[in-house]
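Protein chains: 4
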Amino acid sequence: MSNPNFQKCLEACIECARACEACADACLSEDNVAMMAECIRTDRDCAQLCWTTSALLARDSEFSGELCAVCAKVCQACANECAKHDHQHCQKCAEACRQCAEACGNMKAAMV
Amino acid sequence: MSNPNFQKCLEACIECARACEACADACLSEDNVAMMAECIRTDRDCAQLCWTTSALLARDSEFSGELCAVCAKVCQACANECAKHDHQHCQKCAEACRQCAEACGNMKAAMV
Amino acid sequence: MSNPNFQKCLEACIECARACEACADACLSEDNVAMMAECIRTDRDCAQLCWTTSALLARDSEFSGELCAVCAKVCQACANECAKHDHQHCQKCAEACRQCAEACGNMKAAMV
Amino acid sequence: MSNPNFQKCLEACIECARACEACADACLSEDNVAMMAECIRTDRDCAQLCWTTSALLARDSEFSGELCAVCAKVCQACANECAKHDHQHCQKCAEACRQCAEACGNMKAAMV
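Protein chains in written order, with UniProt numbering: chain B, 1 to 112; chain L, 1 to 112; chain S, 1 to 112; chain X, 1 to 112.
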């Protein structure tokens with residue numbers, strides 16, 4: 001856990017997971033839920049990857065760098081999807097995803 | 001793992017988790033996705049509970065009985081919701097949920 | 001999410017999950033690892049239940065109260081086990097488990 | 001789900017997750033548990049990655065290929081670690097890990 005990016009990355013993963021869970025649930029209550037289908041799908045995948053990455057980071061797993069690299073990709077895809085929608089929960093989620101994509105990218109780079 | 005219901009319960013949880021994941025994804029592609037919102041929510045919760053219960057059963061956790069009791073409730077709720085919809089994926093999921101609710105109920109009863 | 005205990009409970013689950021992951025990993029590096037076997041087992045179960053409960057709370061699941069009740073039991077058991085050991089990571093984990101057991105208990109009570 | 005490797009990969013992930021959960025638990029009951037610490041760590045990470053990959057495969061996630069690539073690496077590392085130990089649960093786990101590493105590798109290759 002001597003990696004200076006470690007704590008920041010773990011916090012970013014947790015915040016992103018929470019935002020994605022809340023966004024997916026809120027999307028299911030929107031009037032135009034058919035338009036939100038892809039957002040719900042990426043939210044769900046992003047939440048699950050972020051929770052899993054959080055768990056591996058929290059136990060200082062030797063595989064956390066590899067998982068961070070995948071997590072960064074999923075977060076970026078989710079940020080792009082959420083950014084298309086004006087709902088407040090989508091905009092908030094997009095920002096959490098961007099920050100997590102950056103933190104996971106830095107974490108991976110520092111571990112190679 | 002001497003409990004005779006153990007293997008059956010673990011298999012039922014895995015089948016139910018798979019059916020719920022597939023049903024939620026298929027629901028998001030339906031024309032009437034707004035009508036499927038509650039089904040997607042219960043599918044998601046049921047899938048996550050079933051995967052978690054599978055993990056605890058697979059490692060013979062002392063808490064698997066307690067978790068089976070909650071899993072049985074979520075499975076029953078998901079079976080009831082899915083049964084309302086004629087889509088093949090919903091009907092298939094409802095059946096997997098019913099079987100898992102029964103298996104988890106038996107498992108819990110046998111462990112008390 | 002109008003439940004006043006909601007935010008506190010979610011934060012407690014996340015802190016507890018992190019403490020349990022770190023404690024299990026640290027236990028595996030102790031000289032007397034054989035003495036830590038039960039602590040590792042309960043840490044692992046408690047971490048997984050806390051992450052799962054966090055996910056359901058974060059999406060305001062209708063089943064989060066039921067899961068909180070089980071989570072409170074597992075947290076209490078883990079607090080009791082960790083409290084037996086003088087290692088700093090065990091004492092820290094025991095305290096996180098106690099706080100999470102209390103928060104989950106309050107959450108469950110408020111939802112009934 | 002038209003990928004011919006899909007079903008095989010999902011089954012392999014589930015079998016591997018189960019074997020890793022059982023192996024980690026059995027390792028904690030061995031006399032020489034200190035010698036099994038690294039095996040327990042890799043078992044735990046491998047189980048969690050395999051369950052997560054199973055969930056994404058089961059809902060036909062667009063990110064399952066990326067996750068399969070990481071899962072294959074973790075499975076190969078776990079196979080190598082388990083193969084060092086003569087315990088039956090380790091040998092059985094090593095075989096499940098090898099098969100899952102191969103299935104995930106094929107899955108990833110077919111999706112690119």
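Check before you lean on any hint, since a few could be wrong.
Chain copies aren't distinguished; within one or between two, either way the pair holds.
Cut-off 20 Å, straight-line C-alpha distance, at most; resulting in silico cross-link-like pairs (SDA-like, lysine to any residue) [claimed, not checked]: (1) K73 to D31; (2) K73 to K108; (3) K92 to D60; (4) K92 to E11; (5) K92 to K108; (6) K84 to E62.
Since the hints were made in silico from the structure, they are not lab data.
Evaluated hints:
no., hint, result
1, K73 to D31, "neither (29 Å within a copy, 29 Å between copies)"
2, K73 to K108, "both (12 Å within a copy, 16 Å between copies)"
3, K92 to D60, "between (29 Å within a copy, 17 Å between copies)"
4, K92 to E11, "both (16 Å within a copy, 19 Å between copies)"
5, K92 to K108, "neither (24 Å within a copy, 28 Å between copies)"
6, K84 to E62, "between (36 Å within a copy, 19 Å between copies)"
Checked against the numbered hints given earlier, the structure breaks hints 1 and 5 and satisfies all the rest.
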